[in-house]
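Let the sequences and hints guide you as you build the complete structure.
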Amino acid sequence: MPPSSNLTRYLTALETTPKEAIAPIGPGVGAVLLDLRAQRRFRIEQLRGLVVSTAEAVANADEARLQVNHLLADAAEAALADIEGALACLEAGTYGTCSSCGQAIAQRRLAMLPTARLCTTCHYLSEHGGLAHPVAALVATPTGSYGGRS
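Quick note on numbering: numbering that gives the first Met the number 0 labels position 63 of the sequence shown as 62, and the sequence is numbered without any gaps.
Treat the hints as calculated values from the structure; they're not laboratory data. A quick note: this is a predicted structure, and the numbers were derived from the prediction, not measured. For every residue, glycine included, the Cβ atom is placed at its ideal position computed from N, Cα and C. A portion of the hints provided could be inaccurate.
DEER-style ranges, computed between Cβ atoms [to be verified]:
#1 54 <-> 74: 29 to 35 Å
#2 47 <-> 128: 36 to 42 Å
#3 106 <-> 73: 26 to 32 Å
#4 55 <-> 92: 41 to 47 Å
#5 59 <-> 127: 28 to 34 Å
#6 48 <-> 99: 31 to 37 Å
#7 36 <-> 103: 31 to 37 Å
#8 60 <-> 93: 45 to 51 Å
#9 93 <-> 54: 36 to 42 Å
#10 123 <-> 57: 22 to 28 Å
#11 62 <-> 102: 44 to 50 Å
#12 84 <-> 126: 16 to 22 Å
#13 62 <-> 34: 35 to 41 Å
Right, here's the structure in full:
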């Protein structure tokens, strides 16, 4: 698996972006910023290691290792994209605001998932096709009965 253009972009960004490029915008944001930067460095190092590991797997014709490396790289790139998004929100002054409804994201949610872009309600709705409550999914069956049973 050759290094993706995203990986190259992330590696270049890490090496060329000064640490002061994203300034804390409010109280408590400094810790979030430091955490996100640490997560960013970890994911970039993880991707660098996967590039080396993948090269070794190619040299040894290790198909299983190539598949695992591909999955790990996809997951690391997705996590890195989430981190970059959170850093961009910090820079823009929109960190902690739901990108769907514009309401504040609960501090408890942000503490657990610093890269969250949706409030709990909007996240739930996006995961469940816009249904307002889990029971609604059961009621909205073709028969119109709970769980599809009479």
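Now for the hints, and whether the structure bears them out:
no.: 1; hint: 54 <-> 74: 29 to 35 Å; verdict: 19 Å, violated
no.: 2; hint: 47 <-> 128: 36 to 42 Å; verdict: 38 Å, holds
no.: 3; hint: 106 <-> 73: 26 to 32 Å; verdict: 30 Å, holds
no.: 4; hint: 55 <-> 92: 41 to 47 Å; verdict: 44 Å, holds
no.: 5; hint: 59 <-> 127: 28 to 34 Å; verdict: 44 Å, violated
no.: 6; hint: 48 <-> 99: 31 to 37 Å; verdict: 35 Å, holds
no.: 7; hint: 36 <-> 103: 31 to 37 Å; verdict: 23 Å, violated
no.: 8; hint: 60 <-> 93: 45 to 51 Å; verdict: 48 Å, holds
no.: 9; hint: 93 <-> 54: 36 to 42 Å; verdict: 39 Å, holds
no.: 10; hint: 123 <-> 57: 22 to 28 Å; verdict: 42 Å, violated
no.: 11; hint: 62 <-> 102: 44 to 50 Å; verdict: 47 Å, holds
no.: 12; hint: 84 <-> 126: 16 to 22 Å; verdict: 18 Å, holds
no.: 13; hint: 62 <-> 34: 35 to 41 Å; verdict: 37 Å, holds
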